[in-house]
Amino acid sequence: MFEFLFKYPGTVFSKGDFVLLGAWPVWVMLLLLVVGAVVIGFQAWQMRERAAGRARGLRLALIWILQSALFALVLLLLWQPAMSIASLKPQQNIVAVMVDDSRSMALAEQGKTRKDRVTEALQSGLLDQLGKKFQVRTYRFSSSLERIEKLDKLTAGGNASRIGENLSTVAAESSTLPIGAIVLMSDGADNTGGVDLDTIGMLRRLRIPVHTVGVGREKFDRDVEITDVQVARRALPDSRLSAQVTLKQRGLSGSKTRVLIKNEGKVLAGLDIALKPEGTLQTEIVAFQSGTAGLKNLQISVEPIQGEENPNNNGVTRLLNVQNTKPHVLYIEGEPKWDFKFIRRAIEEDRTVQLSTLLSTTQNKTYTQGPNAQQLSVGFPAKVEEMFQYQGIIIGGVEASYLTVTQLELLKQFVDRRGGGVLFTAGRGGLNEGGWGKSSVADLLPLALPDRKATFHRDPANVELTAAGRESLICRLEEDPDKNVERWKKLPHLADFQEAGIPKPGALVLVDALPTSKGRFPLLTIQNYGRGRVGVLATQGTWRWQMQQPLADKSHEMFWQQLMRWMVSETPGRLVASTPKSVYADETKVSFRAEVRDRNYLPMTDAKVTANILGPAGVAEQVELAPDPVTPGTFTGSWTAEKLGAYVAEILAKRGEEEAGRDVLNFRREDGVAENFGAEQNRELLEKLASESGGKYYKIDDLKKLPEEISYSEAGITIRETKDLWDMPAVFLLLLTLRGAEWLLRRRWGVV
Amino acid sequence: MRARNVIVAMMAVFTLMSAAYAYQQFSQCRFIESRLENAPIPDDVGAKTEYFFARLKYPNIEHGPPANWLYPQPDPWTYGRPDFWLRRGHWQVDYPKAERTFMKGVQRLTRLHARTMEEVVDLDSDNIMNFPWIYAVEAGHWDLPQHQADKLREYLLKGGFLMCDDFHGTFDWSIFTASMKRVFPDRAITDIPNPDAIFHTLYDLDDRYQVPGAVMCFTHLTHEYDGYEAKWRAIRDDNGRIMVAICHNVDLGDAWEHADHPDYPERYSALAYRIGLNYIIYAMTH
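Residue numbers (the working numbering), protein chains in the order written: chain A, 6 to 757; chain B, 2 to 287.
Bound-form chain A, shown alone:
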């Protein structure tokens, strides 16, 4: 219909430039238009008197507008309007037809694979029609690009569709070949990062339009897909961890299934779930135990549901490095108390965390225990190297004035710069009773402590998890979240509690204290501060959980062990190395990043940092990391991991001959995984690619106009054509409409 009315396809209008071919200048036309409009207006005014009141106001204005529009249209036609457009010179340009040959093209829909549908479309006339006007080069692409002569070379067996990379390769050929346009036939299921801005910029610069042909269904009928999994990459042995699994589904709303976490085939955890309504991303948190030290290959999956169309997108792999380190916690306590003993026992039971304690027994005596008992006998650490050797510090019921100004400042830097964890607990000398709210480290605290005394009460208080506490691993005493909430409610009451004040913005209250008298107070509150973490536990009476429950109950031990692991497990060393991913599925480029700190945990800029990489089949390479010019103390580098399998990289930092730190990274290379995900046609990507490059998106079933529209391109060898517009049927219809409308209105109003 568009072409019937406007004579030319839409591409002519979207790509071409509007021009006036008339010899007279445009200003003459505009002058005549103004004069004409005035004259018409004058005549209309005179008509007002003749019509004896039948033509006034709005009616008169409407007649004037219609007559003026008609006059303007005639003037425009006299100036010969036309479209000027560049088009490819026949037989002198190359059209590159790129066919996706990745594994997702083997998906069958209505009895035919996506590859078959592309082949069919090309063989049923498209290639022939293109061939009449252009030289056609056919390519297949997946993780790499290959030119093919015949379509039977298509196998739909590639590991990934690197659309961006392969487009760049074809576009780069335009330096030697007159490539006029690219036809990209794909499902758009690119799981390797999509099309980057550089590629888009290159296509625009070269003015090569990419016409995309979408193949495959835009929505599966029945499918569950894991879209993301967030899980820690390092952990301490026997830690409770959580995997945050995000999934989406089509046509399976309300279906029941199970999320599983396995290591080497052994199920570590499972969670029964019901799928949420279609269109919403569903996130489930599955708790599991890290187990013994060593590298774990976690398989996180959703059990397939009967009738699912693509079960291959139900599982992903992640690496977990369970490190055999023993973080060290320092606990200073201002007076003998029962929680001190039971906390010590709980932590000592956890073989992965060391505890050294400093207890003020009398006004002038301290009692020290643990690996650093001897060192602590002189008091709380007062030097950087003494304090920063710990990964976590518990400040028990000891007054802030017990520490010197220097020690308080070090404590602040311990969290902010060192990245350590600090826990403040309650007591006669704890929190605000000990003046911590007005101390120089008050900023650290996740609560604004009350500005008054008598906040510590030796009265019973029950406990209740908050919404954040339900999600927190610190508070997970039962695997099942609902059972966990109930178990917390049934815990024996605390021996005491302290009013800890109001949580600061950004702080998370995990547990509330409900005194049997009245009220509700934050009991366990945490927040991140600088590079570290700070918590406040507003009680010293958790020991009743141990004494008042059956001997076999481990609530008290589990709570304290998990709280300690939260404090220390993310405390960094002097060198922290990372890669963006732990599993490189169909990707080879591995980036390294290392943050290096000196003994005072200040960024070290003059270190020499190297990555010693060991991989499968004897791979052994050394990569030097370069300083990041933007972030002091940060070093980056990249390396290509060609071979499939597990890699280990030891990152070593040196200043001169002195070792400044080392860290060990693990990552894994896999192929044939990425194509299983995002297998629905990514129409959004294809449309965007087409519109950004000046091309057009087509459905595989509607390619009739492609050969014609592909001609209009500014790449390759082109000629400039002008297309007259005066004889468009739409113009004739407009003339008739304007005149006819005026006639009808005047007749109706009786205005002659």
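Derived lysine-lysine pairs resembling BS3-like cross-links, with alpha carbons at most 30 Å apart:
hint : chain 1 : residue 1 : chain 2 : residue 2
1    : A       : K370      : B       : K232
2    : A       : K370      : B       : K49
3    : A       : K495      : B       : K49
Treat the hints as calculated values from the structure; they're not laboratory data.
Mind docking chain B on chain A? Use the hints.
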């Protein structure tokens, strides 16, 4: 006649002197056994504190030493009336003055938040679980039924601490161990070596000596029965921590109780205080 009169006079003088000496001795050693009904109620009776001195109330054995027991009964107030403690209960020996006097020292000498008013607990209810430190006096006279032994075992394995005191000699020991075997059939009772933390938590107590009870004033002996040597013993948990601290052949309770008595030697009270303080701090740190 004259010589006879002189002899009679000398005998009379000797008798009078002996009587005067005996009276003097008796009056100097007049230790009145503490009784609840006579003890003033401390000011801090209702105070909520972290630590409470909890005295264990236990059932007695229903008999004294065997008839052929070779050793003299040392205490004229008790064994002179053999049913006295059976009726009152051996758990009440020194009660309540011993702990109330001792706790004043605890308050003065440490940062521990404690009150002088004691608590009495038994093994028939779960209330004992609110007091992770308990004291059993004259444990050589207890007779724990199995259900109480089970409760005590659970209490100790959870983290409770028991200090046993004031029982002497082999007979009391046999009574003590008979009940303790019901608590822990398989755990050994061992001597605590000097380097153990319990002797160093607050005071270094490598040099310990026998702490006698008030009966020493009459017998002039620091031991009772055949308990010639002070024994500091313990039962430990699987991690080597002391759960039961056994003070055998010593009477720390009397040393606390009579710490303010001019006739009770200060050196014994001093050691008893130090032992008690160390045991409390140990129980709160291990």
